[in-house]
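J.: Residues per chain are reported as follows:
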Amino acid sequence: MSFQTDNKLIKWFDDRLPLVSVMHHTFVQHPYPRNLNVAYQFGSILGVMLTLQIVTGIVLAMHYTAHTSLAFDSVEHIMRDVNYGWLLRYMHANGASMFFIAVYLHMFRGLYYGSYKAPREMIWIIGVVILLVMMATGFMGYVLPWGQMSFWGATVITNLFSALPVVGDPIVTWLWGGFAVDNPTLNRFFSLHYLLPFVIFGLVFLHLVALHQKGSTNPLGIEIKGPADYISFHPYFTVKDFFGFAAFGVIFAIFVFWFPNYLGHPDNYIPADPLVTPAHIVPEWYFLPFYAILRSVPDKLMGVLAMFAAIGVLFILPWLDRSRVRSAAFRPQYKWFFWIFALDCIVLGYAGSQPAEGNMLIISRIATIYYFVHFIFLMPVLGWFERPKPLPTSISEAVLAGKASSSGGENA
Amino acid sequence: MINRSIKVLAGAILGIGLMTGSTLAAGDAKELKTVDWHHSGPFGTYDRAQVQRGFQVYAEVCAACHGLKYIAYRNLMEIGFSEEQAKAIAAEKDIEDGPDANGDMFTRAGRLSDKVPSPFPNDNAAKASNGGAYPPDLSLIAKARVGGEDYLYSLLTGYDEDSHGQECGTGTYYNAYFPGGCLAMPSPIFDDLVEYVDGTPATVDQMSKDVSAFLTWAAEPKMEERKSMGFKVIIFLLIMSGLLYAAKRRIWARLH
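Taken in sequence, the protein lines are chains A and B. According to this note's numbering, the first sequence is numbered sequentially starting from 1. According to this note's numbering, the second sequence is numbered sequentially starting from 413.
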């Protein structure tokens, strides 16, 4: 590590506990490919979103009461009587949605540029684990206000486990802490909702250790070959990432300040009532594609397995993809299938928001099948049949050639 | 080229959320009437006079059956009532308090700190007095229904003698805007039911608008603070984005 200082105190400290040099290495010196584009912004945005969720969440927890008879009232107390409570809650609720928007874009970027491929499999796998923990956290957080969708969403999702043979019902009883979704359920969901973000924090640390071990991919999908190919994190990516935070913050703020309930469901402003089932039980928007997969399978157990397999397949993606080339920029066929897959996910999301009947059920079945065909069939087969375009010899060569042809004297 | 595709993807992902929101809003019943509310739009504020009239409609009509439990009388000062007026409105209500030093409950005049009392002692009493249908608390009704204040306005003005071939059972009334078409609440408003303090003619349309605006405030009392803060935050973030973008261009210009 090339951290240098004349300050004796820092030297003494860093010699015994190398915090300063590790931070220096991570946030100042670490080399990144010079050609990272806007699609690479979301990783750092996700770090900010996680921090923001933890900070707003800790303050909300100071005013929230995890009890079935008080939870709904305590949320309204936050909204009406706590100083800036409305701001904290709307930031936290919409922050979860923004978190998922950013994580999905981050993942699609990984799919497009082949970030999951060797030697970066561990970065990707830890990322998928983070996604799973995020989903659990988001789901349990949605239960806490104890509105109608909270209660019925919790009932539907926890009931999924009853599809498992033999152990299903005991597992559901164990999850609930009783024989129905009730106060013990709410209490443990609150406890876990508070815990899991810190688990995510730890996983993010591992994600970054793995990232720094092998370095970032880049839009060309070729490795760094020499000093001309990379630039240090600071100042190049610090300033770029801060720009990303501000720009993403604009979108976030539009939701928080003008459409704070747009991504939620009106039924969640009705207190939970175990005797009244809502007309349509719909999960949060970020679960809709998986919800569509669940409902498109006629058999309950198979539906549950398909839903988990939809995420499980991501774990083995690095080995399903047989192409030697990473970036879709040089994979003419994969590029098309990537966009078809992205469209497929959007169709699934839409289907998940609709009642599972008629044409919509047929569409969601086709989209579900395509989802798995993409990973299980297309990814391996494309690698054999596709003829990739020739790769540039180095990042710097491609970048400088691009500059010369497109925007001649820009850096003169 | 690649940047553009990423942007398309970003838009599409965001679109999932927006699309589902709008399709869910389609609902089962007739398309809602839309009102150009004073409080809608990015800078919209509550029309104080309208919200005060709406409170009058709530207090004289709706309060017979519907609670408003998250609103305290002190909150009325936020919609333009003076402290004296709010105190006087609170004092008209009898509030049960206690127990006193002897262990007895007693009744006293309402204070600013009291929440609006519910008309029934409990949910079962409310159901028993209303043919088995529970009249919901109205504090959050504008946020708890698809369509919000437009829905409330459409519903209140949507009663129709002619049920268009739909059979409504006894004790239910036809309303095209109610999911299912028949609801247990009879048309609660008719012309000149209240006499507005400010002299506005009390038509069904006027009263429906006013009470819907009031209930929107009741559900979202911090809306004005929210929008005005949002405006400052957006201005800040846009300037910040511009400066950071310029800084990024400058720093990256060092590269060759």
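By construction, these hints were calculated from the structure, which means they are not laboratory data. One should not assume that every hint holds.
Derived SDA-like pairs: lysine to any residue, alpha-carbon spacing no greater than 25 Å straight-line [said to hold, decoys possible]:
1. K660/B x T238/A
2. K527/B x R34/A
3. K644/B x M360/A
4. K442/B x M360/A
5. K660/B x L131/A
6. K639/B x S97/A
7. K335/A x D15/A
8. K481/B x N83/A
9. K644/B x R34/A
10. K499/B x R188/A
J.: Does each hint fit the structure? Answer for all of them.
T.: The hints, checked one at a time:
no.	hint	result
1	K660/B x T238/A	9 Å, holds
2	K527/B x R34/A	61 Å, violated
3	K644/B x M360/A	43 Å, violated
4	K442/B x M360/A	22 Å, holds
5	K660/B x L131/A	31 Å, violated
6	K639/B x S97/A	20 Å, holds
7	K335/A x D15/A	49 Å, violated
8	K481/B x N83/A	20 Å, holds
9	K644/B x R34/A	35 Å, violated
10	K499/B x R188/A	43 Å, violated
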